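Colleague: For the protein sequence lines, the chains are Z and S, in the order given.
For the first sequence, the working numbering gives the first residue as 1, with consecutive numbering after it.
For the second sequence, the working numbering gives the first residue as 1001, with consecutive numbering after it.
Keep in mind that the hints were calculated from the coordinates and are not lab data.
Model, not experiment: these values are computed from the prediction.
A couple of the hints might just be wrong.
No more than 20 Å apart at the CA atoms, straight line, and that leaves these computed lysine-lysine pairs for PhoX-like [as the list claims (entries may be wrong)]:
| id | chain 1 | residue 1 | chain 2 | residue 2 |
| --- | --- | --- | --- | --- |
| 1 | S | Lys1213 | Z | Lys353 |
| 2 | S | Lys1143 | S | Lys1213 |
| 3 | Z | Lys140 | S | Lys1484 |
| 4 | Z | Lys353 | S | Lys1678 |
| 5 | Z | Lys356 | S | Lys1484 |
| 6 | Z | Lys437 | Z | Lys420 |
| 7 | Z | Lys297 | S | Lys1510 |
| 8 | S | Lys1697 | S | Lys1675 |
| 9 | S | Lys1564 | S | Lys1675 |
| 10 | S | Lys1538 | S | Lys1564 |
| 11 | S | Lys1675 | Z | Lys395 |
| 12 | S | Lys1675 | Z | Lys398 |
| 13 | S | Lys1387 | S | Lys1428 |
| 14 | S | Lys1482 | Z | Lys356 |
| 15 | S | Lys1328 | Z | Lys190 |
| 16 | Z | Lys190 | S | Lys1324 |
| 17 | S | Lys1442 | S | Lys1387 |
| 18 | S | Lys1568 | S | Lys1527 |
| 19 | Z | Lys140 | S | Lys1482 |
Chain S stretches covered by chain Z per the calculated footprint, using a threshold of three residues with CB under 8 Å from any CB of chain Z [unchecked claim]:
| id | segment |
| --- | --- |
| 20 | 1328-1339 |
| 21 | 1474-1480 |
| 22 | 1663-1677 |
Glycine included, every Cβ here is placed at the ideal spot set by N, Cα and C.
What follows is each chain in one-letter form.
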Amino acid sequence: MDNEILEHGFTWNRRRFLSAMSLGIGSMALGSLLMPELFSSGGADEEAIKAGLPHFAPKAKRIIYLFQNGAPAQQELFDYKPKLREMTGTEIPSSVRGTQRLTGMTSGQSSLPLVGSFVDFKQYGNSRAWISDLMPYTAKVVDDICIVRSMHTEAINHDPALTFIQTGSQQGNRPSMGSWLSYGLGNENKNLPNFTVLLSRGIGNGQGVYSKLWSNGFLDSIHQGVQFSKGEDPVLYLRDPAGMDRKARREMLDNLSELNEISYKEMGDPEIHAKIRQYEMAYRMQTAVPQVMDLSKEPDHIVKMYGPDCLVPGTFAANCLLARKLSENGVRFVQLYHQGWDQHGNLPYEIAKQAKDVDQASAALVMDLKQRGLLDETLVIWGGEFGRTSYTQGKLTKDNYGRDHHPRCFTIWMAGGGIKPGIVYGETDEFGYNIVKDPVHVHDFQATILNQMGLDHEKLIFKHLGRRYRLTDVSGKVIRDIIT
Amino acid sequence: MKIRFSILGAQLLLVLDIFIVFLLLFEGKLHIPAWLQSIGRVHPLLLHFPIVILIMAMLLEFFRFRKDIASNAFYKKLTYYLLLSGTLLAGITVFMGLILSHEEGYAGDTLQWHKWTGVAIFFIASIIYFVRNSSWYRSAFAKAGAVVTVLVIVVSGHFGAAITHGDNFISQPLAVYYPEPQVPFEQAVVFNDVIKPVLVKKCAGCHNPDKLKGELILTDSASIMKGGKSGKLFNHEAPELSLLLQRIHLPENEKKHMPPAGRPQLTDIEAMLLTRWIQSNKIYFSGKVAELPERDSLRMVAATVLQPPGNVAEVYDFDAADEKAVAKLNTDYRTILPLAKESPALAVNLYNGDVYSVKQLQELDGIKKQVVSLDLNKLPVSDADLKSISQFENLRHLYLNFTDITTTGLKELLPLQHLQSLAVSGTKINYKDLIAVLPGFKNLKTIAVWNTPLSGAEIKQLQTANKHIQFIEGFVDDGSDKLKLNPPHVENASMVFAQSSPVLLSHPVKGVEIRYTLDGTEPDNIKSPVFSSAVTVKENTVVKAKAYKTGWFASDVVNFSFLKSTIKPDSLRLLYKLNSVHQAEGANTFFDTRLGVIGANNPAWANNWAGVKHSDMGLVALFNKPVTVSSLGLHYMVEEETGILPPGTVQVWGGADEQHLKLLTTFNKAPLPAKKEKPTIRIMQSSWKPVTVSCLKIIATPHEKDKKLLLVDEMMLN
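Kindly produce the complete structure, drawing on both the sequences and the hints.
Modeller: Listed below in structure tokens is the structure:
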């Protein structure tokens, strides 16, 4: 049998060879017409792999994202609705609610009475923006921030909404925004991770945060977020065990890397190189992290700016101060999560506490960056995953009510990094329920952030399982109106 | 038949020749009826036939006198008939073309060239036809004639195509790959960069000097102002009624809608641009977009199509540095990055004060032209080092926050004439020197001077003297914003102790005075002792503490319960199940020395609270060796609003083993909280005559079974 096959091979004559070949070339030509990139040796992918530099000169080099996890009620903080207050107790008009899907928590409620803010608002700064009395320190920096009141999202529950705003998809498994930026821009300081995460929580009803929110997804694992914890070891397992000095550690790493190099040659798995680089960075982090995380040398005026809690590890204020220090040291993306904003009930009490937790330190961070001349190149973002309803959840009493999840509108603010300071963008209706002007979808928000970092959201792509992925999935446009 | 056709053809050709000469002479007086117009419009269809046939005929004519084919009868006939039919078709095409050219919208140089070259083809071909059998017509004539005819066909064809398809029809797709550089927002002129591109793309195909449909030209400002057959485009009294707007806003199936149905339509943005432009009623031809008012709608729409200002990279006039050299200079503590892909400019950041030396700057000699941003924050940079910085002649941004420089050193930076921003916060710069050196920085836009010896008044003076520079100040603690201190912390790993425990209080803010009491009274800053490290407790004690510091409000009082629990059971077992969400550490919860905090309904706080609601809390404690016990304490939580209440009854049983237990004590009822009382953590305790046991059974019931919750985190056994 084998011989017959071999013989058959030899019986090919020139004519047959040529005719067969022409058929082959013909089908390849046809194929190339149908799949234009058949012979381009994957130019687009190569472009993607060579990421690590901005596509154009960036306005911002670093981002600090003060994530308010649980969804702060816009009606009590930034979106002033006097009419809503007047109408407190009346049923929400069906023309306003429309066909809006409700969560299971209020869909069974027989009545959906509107409720206005329990707290007063005043106008501040040159921008005359309305800020609630719960945010006295934010009110002081109102001319440095851009308030976007017309954010909207697609998800109605915390986890999908959080995942959506962080990764551009509700389902998860995609890289987080910080990972995309790390992938797109590379390290500024090689001794610290590009993407760090700091957690804190307030007294309010909380919702969990999970490490999937700072996952690298399908990107190289070097881009995953590194969580700094509040204990004695901000980065776990970074400290050398007793008896091991720097020199011994160095030798061990050198030898380990030789071994890894051998297995890379055998297997060719790029994750092996990622591992080597992570070990190297961890080695340098051993000296760099303690320097950055040391709050004991912060002078009194800094403590007064951020509030005394900034010296208590694990608080939002301390995380803000750390965020400034990390950012100042070249960490591209510092992600904070402050939990406890999920006020389904007992809203007046809880939101006042939550606001107190974050107000002073958030404003201090903006001011602190500014006074160091760093605000121009650092983008600060403050906001949650969606908004809250203008009708009450549960019983509406004189001094107590709750608000359910509301994806149709919510408020965030941004500062620095080439975002126009002192403006208010977008508008909601008198009920604070629907957007009436300049809506900003989560993908638009992400596109704008990438743009500020010098990245074209349509070009920052990664091919995975045969598909090209972007942070903004298949939509999103840069909101030019809020860019300087 | 054949001869007849050739004679007929020759005669027809002669007639056509004369007819066309006649037409050309009296062109100005022509009146074209509608039916003839239709014939004229066949021109673009028919013209392809004479082109192809004549080229074939000319090819044959070119080789006509070659020896080997000169006598071939078929070749002769083929050449003859091709030439005749080609020339005849050319004549008819010219006739149609002349009629078509009289329709509106055809004018201009291109048309004239096309017309006369077309006519030339016809006449040259006719002449060749009539003279080709003359005795003097030899090979040279035939070849020259053929070449000239083909050339003229090519030229005429080109002009014709230019009229129909536009000037660069063929090269246009290529242009996509080499996009013209976009005009940055700041430099864009309203008409040239925003409006004209729309007109050129969507309108000028028919309204150009060569095609003039409706006698309208939309390629230059003068012609636009002039308008067309239907009148002026703009209506200054009522701009929204302007003709141009009417036409673009008519429904698409309307005959007068522009661009005509079937042609590429205006996009929404393009239509909006034209609308806003005309509505502004100022028909800007020269103004810049950036000069329009900030909230002007035309400006805002234009901004979306122009290259956004944020993305306009400064254009640098120096070349990029060698990539390999840059890679070599990159170290762990010195990052050198291009500003963007394909940007020659570099940003340099130095980190880690421990490894800094001025050599790190001097080594950058090879890329000194390319460095536009230098970040030296928090490094021990001295005045002397600044000389090395002055080599970076193109530097735009320099960060020297918290370095060791003084103003004396800033003089060294004067060669940096491109410097735009300078950050010297936290340095020792002073007014006297700064006022002298600042005017030297002609391009400086911002300087950060927070946390320097400069006073507010001095900064004001500097600002007055240097109007072009923005001075960035920052937070100054003037005592106006008096803050409340946060409460003291306890550092003890556990507040449950066996014999005695030190009280380790601390406060994160430096210079704070902690005052405390051990007797349950409120601490104050007069009578209560100041905390030092020498406080020890030997019994259950509530330590109340409060923090004080001048310039701050005193903190809230904070309570720390120190619990004495001398005896620890060797094994523990639950008699009934705990509430599913309050499992904590199971039976071990009660003697693990870990205390819970308030807020137990929240998952993160639940870890140390064991709870029951539907059953009793029942615990069996066993001891390997008999122990003498005399009291038991319960550490429990009360949160009235959520229904967490003190226990109903608590009983302690003791004995040698589980089968021989005697009731040792029944606790007194704990007081119930008032309605809406704030959540608290409390202790209840009961003692009995000392007794030696090897087994204890503790039963605590919820205040109201199935309704109220009982939460206990620790028990104290003494």
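Colleague: Which earlier hints can't be squared with this structure?
Modeller: Going through the list in order, the structure violates hints 1, 2, 8, 9, 18 and 22 and respects the others.
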